[in-house]
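S.K.: Here are the chains, one letter per residue:
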Amino acid sequence: MIQTRSLTYQYPASISISFPDIRVEPGHALLICGESGCGKTTLLHLLAGLRQPTTGQVVVEGETISDFSPAEMDQYRGQHIGIVYQQTYFIESLSILDNLLLSPYGKSQLKAKNIAKRFQINDLLFRYPHQLSVGQQQRASIARAVMNKPKLLLADEPTSALDNKNCGLVIDLLLEEALAYDAALIIVTHDDRLREEISDSVDLNAFAN
Amino acid sequence: MLRKIVWKNIVYKPLNTALCVGLLLFGVGIISLLLLIQHQLEQKFARDLQNIDLVVGAKGSPLQLVLSAVYHLDAPTGNIKLADARKIMSNPMIQEAIPMAYGDSYQGYRILGTTEAYLKKYDAQLREGHLFSKAMQATIGSNIAEKTGLRVGDTFLGTHGEVKGGHVHEDHPYTVVGILQPTNTVLDNLVLTKLESVWQVHTPPDTEQLPQDTELALNQGHEHSSPVSINDSMEITALLLRCKTKIAILNIPRIINEQTNMQAVLPTLEINRLFHMMGIGGMTLKMIAGGIMGMAGFSIFFVLYNRLRERKFELALLRTVGYRPWQLFRMLVLEGLILAIVGYVLGWLFSRVGLYVVNQQAKSDFNLYFSSEWIVDEAWLLLLTIMVGVGAALLPALQAMRMNISAVLSEN
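Top line first, the protein sequences correspond to chains D and B. Mapping the first sequence onto the numbering used here, position 187 (from 1) lands on 187, and the numbers just tick up by one. Mapping the second sequence onto the numbering used here, position 236 (from 1) lands on 236, and the numbers just tick up by one.
Don't take every hint at face value.
Claimed, not checked - Stretch by stretch, here's where chain D covers chain B in the computed footprint (C-beta under 8 Å, at least three residues):
1. 1-11
2. 400-409
Claimed, not checked - Keeping only pairs whose Cα atoms sit at most 25 Å apart, straight-line, the calculated DMTMM-like set for lysine to aspartate or glutamate is:
3. B:Lys8 / D:Asp98
4. B:Lys4 / D:Asp123
5. B:Lys312 / D:Glu197
6. B:Lys8 / D:Asp123
7. D:Lys149 / D:Asp203
8. B:Lys312 / D:Asp123
9. B:Lys4 / D:Asp98
Everything labelled a hint here was simulated from the structure, so no lab data went into it. Backbone N, C-alpha and C define an ideal beta-carbon position, used for all residues, glycine too.
Given the sequences, and given the hints that come with them, work out the whole structure.
M.R.: In structure tokens:
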């Protein structure tokens, strides 16, 4: 379970944003919606510990991860958080298999191959990222995000670049994986197609000031 | 996994890698080659000098005299009268004097008329046969035996002058009576014989009346026991002297240079001057090579720095999956280090290839041979190369370490 308490973030020499408290149970999903520029990505980065909140707390399974030192946070993120980005990022020079095994935490060839089979990318393991289609790349990046059996699965606009068919596939995958690992799934998006699949949502536009 | 990424990255952009490694290769190769040649030349020149304090010969270029009489690398400056040489040899301040007569050659190897003292100076040991004891007998250096195939008992003809194709002294064949063991000195490339042989070869047939006892005249110890009639027309080419005191080393040249038509030269002085002059040339080359190394450093810097911009998402991704900033720092430094080491190893090989090419030339022109042994200076060169590689990677690595991943990931 993840919850936040009165999170605010002060941009350097700029405005301050306060975010609504959110709370997601394991195996459940939450959409965070809003126009671009309303702080969606910032919120996601606060949850992932990529940024430190100015005030407030992020609590995952009873641990206040927003109080962690940078080193503790890097390790915690490696071990318990999976992140899917709008753009798929890979190490270009490594094969898909090596990209799945990228994290220093909990890597195993067997697990990578099992996940690849489930994601239907097991034929692509020895190809290089640039040889994959956009849809295949997106599947591979979700596969990498769940390699560490995350407690928290975060996705930043995972479907905005995808057509309807791939969009449906990706959302189904994210939901299935969250359920399989009992992870709390939080998706930041302005893609209305997702509202049909996930009922819980928070609209940041209402809080923007 | 990070090590794998480093390796894959280096292979993934072969042109970038080739540029960095290529520049390092040339820098390291040239510097290494220069170091090798300089080191070995100095060693060889010091070994051949033994303890020759002074060289006396005909007036002319002092450096030429030293190069010709001590190192046998140059033509003689001319001849001096035996009578004049004898006066110097009997000077009480002289501990040892070795007369030399040369000017002929066999297949490009110099024929040197001298006394046994010359061979003792270089601790020559016989491998086969015995030392020359009569005129027209020759003891040859190990390298000549190897290259020309001459063996004990063979005869050969001397050629007038030092280059092949000169006049051949057909009526005065030499007989090989001994072969020396390798000494790693000039001896290896000399045909050694008695002074009388050289005189005999160069005396016109009608006046060929070589006094048998001239030899005794040259052995100081016997001087008084057997008075000799010296033929004033006899000439030698040079004298190698060892003095009894340091002051004599300074005084004798002054006297000879002022009062005779000969010159006396301190070989150490001339050789130091030669090295100084070569040093200027070597320094220029070293600066060029240093410039190439600097360029290599810059290119590693630019390549890593440019790649850093392309790779910032990759680096952010690495941070996302749990790597620490210092691990990214180490990764980039490792990349510079590997490029440096690969450049060094290839440069080292390059210098050996260069040495092989130089040897082909030096061997035929100067009878010089450089071995490809490893020298200590090359360890310093390795250190320098590593510093260039790591130094160039340092700034990109620091940037990677300090990168704000959240800002990078928010860019889109």
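S.K.: If a hint holds in the structure, say so; if it doesn't, say that too.
M.R.: Now for the hints, and whether the structure bears them out:
1. 1-11: holds (count 6)
2. 400-409: That given contact holds, which follows from 3 residues of the region 400-409 of chain B lying within Cβ reach (below 8 Å) of chain D.
3. B:Lys8 / D:Asp98: holds (11 Å)
4. B:Lys4 / D:Asp123: holds (22 Å)
5. B:Lys312 / D:Glu197: violated (34 Å)
6. B:Lys8 / D:Asp123: Since the Cα atoms of B:Lys8 and D:Asp123 sit roughly 22 Å apart, the hinted pair holds (cutoff 25 Å).
7. D:Lys149 / D:Asp203: Status violated; Cα separation ~28 Å.
8. B:Lys312 / D:Asp123: violated (28 Å)
9. B:Lys4 / D:Asp98: Given that 25 Å is the threshold and the Cα spacing comes to 9 Å, the pair holds.
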